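Protein chains in written order, with our numbering: chain A, 24 to 330; chain B, 55 to 345.
Treat the hints as calculated values from the structure; they're not laboratory data. Treat the numbers as computed from the prediction; the structure is a model and nothing was measured. Be careful, since some hints might not be right.
In silico DSS-like links for lysine-lysine, alpha-carbon gap of 27 Å or less [what the hints assert, rightly or not]:
id, chain 1, residue 1, chain 2, residue 2
1, A, Lys146, B, Lys342
2, B, Lys343, A, Lys146
3, A, Lys208, B, Lys342
4, A, Lys146, A, Lys238
5, A, Lys208, A, Lys238
6, A, Lys208, B, Lys343
7, A, Lys146, A, Lys45
Given next are the chains, with one letter for each unit.
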Amino acid sequence: MARKEGGSAGGDHLGREWWWDKIAQAVLFGGGISAIVFVIAIFVFVAQQGLGFALFDLDLATFFTSPQWRPTSEPEPIFGALALIVGTASITGLAMLVSVPFSIGAAIFIGEFASGRTREILKVLVELLAAIPSVVWGFIGLMVMSPLLMDVFDVPVGVSVLNAGLILGLMAAPIMTTIAEDALKAVPDGFREAAEAMGATRWQVIRQVVLPSAKNGLVAAVLLGVGRGFGETMAVLMASGHSINMPSSPLDPVRALTATIAAELGETARGSEHYRALFSIGILLFAVTFVINLLADVFVRGRRASR
Amino acid sequence: MSAFGATDLDLSNRRRERAFRGLFGAMTALLILPVILILGMLVWKGHSVFSLEFFLAHPRNGMTEGGILPALVGTLYLVAVALFASVPLGVAAAIYLSEYAPDNLLTRLINLAIINLAGVPSIVHALFGVGAFVLFFDFGTSILAASLTLAVMTLPVVIVATRESLQAVPQAFREASWSLGATRWQTIRRIVLPNSVSGILTGVILEVSRTVGETAPIMFTGATFYVAFLPMSVFDQTMAMSYHLYTITTQVPGVPEALPFAVALTLIAIVLLLNSVSIAFRMVLRGKKKW
Numbered sequence: 024m025a026r027k028e029g030g031s032a033g034g035d036h037l038g039r040e041w042w043w044d045k046i047a048q049a050v051l052f053g054g055g056i057s058a059i060v061f062v063i064a065i066f067v068f069v070a071q072q073g074l075g076f077a078l079f080d081l082d083l084a085t086f087f088t089s090p091q092w093r094p095t096s097e098p099e100p101i102f103g104a105l106a107l108i109v110g111t112a113s114i115t116g117l118a119m120l121v122s123v124p125f126s127i128g129a130a131i132f133i134g135e136f137a138s139g140r141t142r143e144i145l146k147v148l149v150e151l152l153a154a155i156p157s158v159v160w161g162f163i164g165l166m167v168m169s170p171l172l173m174d175v176f177d178v179p180v181g182v183s184v185l186n187a188g189l190i191l192g193l194m195a196a197p198i199m200t201t202i203a204e205d206a207l208k209a210v211p212d213g214f215r216e217a218a219e220a221m222g223a224t225r226w227q228v229i230r231q232v233v234l235p236s237a238k239n240g241l242v243a244a245v246l247l248g249v250g251r252g253f254g255e256t257m258a259v260l261m262a263s264g265h266s267i268n269m270p271s272s273p274l275d276p277v278r279a280l281t282a283t284i285a286a287e288l289g290e291t292a293r294g295s296e297h298y299r300a301l302f303s304i305g306i307l308l309f310a311v312t313f314v315i316n317l318l319a320d321v322f323v324r325g326r327r328a329s330r
Numbered sequence: 055m056s057a058f059g060a061t062d063l064d065l066s067n068r069r070r071e072r073a074f075r076g077l078f079g080a081m082t083a084l085l086i087l088p089v090i091l092i093l094g095m096l097v098w099k100g101h102s103v104f105s106l107e108f109f110l111a112h113p114r115n116g117m118t119e120g121g122i123l124p125a126l127v128g129t130l131y132l133v134a135v136a137l138f139a140s141v142p143l144g145v146a147a148a149i150y151l152s153e154y155a156p157d158n159l160l161t162r163l164i165n166l167a168i169i170n171l172a173g174v175p176s177i178v179h180a181l182f183g184v185g186a187f188v189l190f191f192d193f194g195t196s197i198l199a200a201s202l203t204l205a206v207m208t209l210p211v212v213i214v215a216t217r218e219s220l221q222a223v224p225q226a227f228r229e230a231s232w233s234l235g236a237t238r239w240q241t242i243r244r245i246v247l248p249n250s251v252s253g254i255l256t257g258v259i260l261e262v263s264r265t266v267g268e269t270a271p272i273m274f275t276g277a278t279f280y281v282a283f284l285p286m287s288v289f290d291q292t293m294a295m296s297y298h299l300y301t302i303t304t305q306v307p308g309v310p311e312a313l314p315f316a317v318a319l320t321l322i323a324i325v326l327l328l329n330s331v332s333i334a335f336r337m338v339l340r341g342k343k344k345w
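Here chain B stands alone, though its shape is the one from the complex (with noise of 0.2 Å):
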């Protein structure tokens, strides 16, 4: 720093700033490695239980053995039916922000709404699953009730991430189109769409992982305790792993400690594969950009 060596107080700067960065990285480490041990812990504890009948079979003699197919269909059939509402209405949400809304306050108070419906406690939105599509809607507590549900509650997600997809497309892309006498919408769905989909998609998938780990929404409208069946229709009630976990973790009595370990444990494994698709995914398109 000094043209003649470090001064005293250029010293004890430099070993100010040793001591503040190497405060905020134990900071850092003290948040990741607590969790980093409890998933070690999960692992040890559940890992006995694993195998093939634990996913393909169903559970027996009072949930205390056997598998959890019922549950992982479940909630497979759980976030089919809602991406199912939730994608289409995500999209032209985002499409709308990204392309037509002009600054104004209607575009504020969307925002706004966005904001809020991603905060808006889950226990709140299984209060309105039941008050809309149970009650008022007549869907009665079922897989189209609860999948409504998680819908509304994961259309923020989708909004977010599909906006930031297209904004990526340069502007110059879409004055091209139009200089060449395209609509608003030709440009969107030739030109727009088609440069941002792996972006929707990266969107779509942590909209899955969000899905699969919600518990409180899912309760009330269409998740049950234990059937004997797979689920047939959007009108039948079904398991579903996230609620599974909570009724074997406090409701059963009798269940073998391993069991619910060895459940959690698939329920983290599976939405940590899902988001990590995603960030490789985002890694990999990221490189591969063309401008």
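Bound-form chain A, shown alone (with noise of 0.2 Å):
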């Protein structure tokens, strides 16, 4: 990425080129540095609404542990986001469950078997897949998959844990595959054509070739799956049926972290409690999606230190 020193030499008699030069310089940096300065931004502007009250008012015990979330009971409102997590964590769980063998086998097939025309067009269908909006997976949620799975199970209510992992697994699915792609393909071909060359099948040189190479780069892009699936909003606020409840079995209606933020926040009142513990939750999204996205990041370099 560096470039070596290139221009500027003598710099003085250059004058006023010089001095563009430079300016150019500081004004790029300030554009270089801009997202280190919105990521602590996010963190400084929403840990400034929810950090005192997570820190000093919120019974983190009663957060974790219990299952009653009921920002607005009176005398004494409880926030216990168990019930959320929960929540999150089985559709997400299902989601991946669904989404990661399917995504890894579809990188497979189109960056090992296809090839040619028919390797192009897998690809561009893919990325229009990941193109189609969150809001839109929401309303299929509801709308195609929820009467769908009324029938096929012969259930009251088609929102549930199922519904929106499935719906959530279809979204992941191919940006896992896309990333999944980029990391068999950052295998280098020399690999490949060794093996061929000492008469190997193609599978052979996929499962003991390709495969061991590109490991971290495929764990780095089920990472960032899980990551997508836990910071999900709207297609979970829809398909999950969002009710707190903790689930016992995958056709229960469930409510996520997120999806709680989304709904609740319009109708709460600024710098009340409720507001604070919405923000104390997106506290804890922030943390959880950092520390992912590190460890992904973790792997990916791995994979480049290895080489």
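From these two lone chains plus the hints, build me the complex, please.
Laid out in structure tokens, this is it:
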């Protein structure tokens, strides 16, 4: 990425151009660090509303162990997020169970088996699927998947862990497929050719050469998929049933952490306990996705370092 | 393989290869086909609503009739203001990363921050938008606050696409320019940017597509249920396509079933069209490259 020192040698005689060069460099540096500034700003502004509450007013034991989320009950509101955490975990877990094998399978097919036009068309299709907005997925969960599940399983309510998990799986799969395929592509062709020269079949090459070398990249793809599912808001809000519930079966409706903020923030008074409790959930979401992204980055770097 | 025809081992290996090829092919199909079926179903259920009036009229009768004009215009407004903020910043960031950044800790932190900015849940971006733009900068719930929230959220899309197209410009182009005595900035402005502008454009189109579909970040920062008038300034609240789909699906009673299907279809059509244009553009560019 680093470019060798190029222009501006001699400096002074260029005068105006030399100054322009310095100004441009300073402005562009400002743009460069903007991403860091924004990540810090996001934390600061969310923490400003929620951290004080999370540290001093919120009973963290209740928050993590009580399934009672009653932010408006009188006289004493209860802020127990266990049911919400379980809701998010069950939906994300089911989504990953469905989509991880399919995404990696599809990545292997597109990257290693398909060739020429077939590969190009499949890649474009996957890219287009990844572009469908989350509110549209939520709509599909509510209006298409829900009646279907009611018919198939003969249940009165079609919005559930299963519905949201399937929707989230369909949503996350194209993204994971793309990242996993990139990880496969990063394995040098020389590795494949060496194995093929020794008489290995395509499948033997994939299983014994490509997959082991791409392992870290594939783990990163799965991690980014998990982060995506964990933070998904609109689709989960609309497809999960949004009722506070410790699920005992995949057909039970649940409520997710993200969806709780989306549904309740509009109805709370600024600065109230409830309002700050929602920002506290925001801190939790920020922290967890931060760690997931950091881990994914470590795995990708591990892949590069081992080369 | 063997000089004397296939052995049993060869045959079993080939059978296994065919089996796995079939399995992974089927998995790929199972990822793609259900979505195509679902999209077909949306067309089947929603197409009857489409008419000129649907696109050009205001909603009527408690949003159970009429069109989507204010939502369309609102989305256009939000996207335009968001681009105004994020494109210059994103392009500057990409130029810095591609042309200046040394391989050090700060650069690694910037890259990590970009990944995180893309990975932070959209509802957390919404909380940030409320805390920063609605309250701290006191823009209120307005197009400005919503667009800036969207801009921060989609910044990584512009940065990543621009950085890629800048890095595709051969190093020799820069060296030739430097050797003529051009400064680094002159080289960027006259050589690097002109050779990558179409790549940057594909990235901007992708960003537009992302911005159009986002719902959570605008719910509390500037999007509103219903307004009788089209937005006049950046301090107005506005309706938006994505939020409109959410409200008429979940909040408004008595909406005829076909209406939300038509709104969902319109949203999908806009997004898929934008992405297809971006992909087609990219392919044409790849074919045209002189180097």
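Going through the hints against the structure:
1. A:Lys146 - B:Lys342: Holds: A:Lys146 and B:Lys342 sit about 21 Å apart, inside 27 Å.
2. B:Lys343 - A:Lys146: holds, 21 Å
3. A:Lys208 - B:Lys342: holds, 24 Å
4. A:Lys146 - A:Lys238: Status holds; Cα separation ~21 Å.
5. A:Lys208 - A:Lys238: holds, 12 Å
6. A:Lys208 - B:Lys343: holds, 22 Å
7. A:Lys146 - A:Lys45: Cα-Cα ~42 Å, so violated.
Hint compliance for this structure: hint 7 alone is broken.
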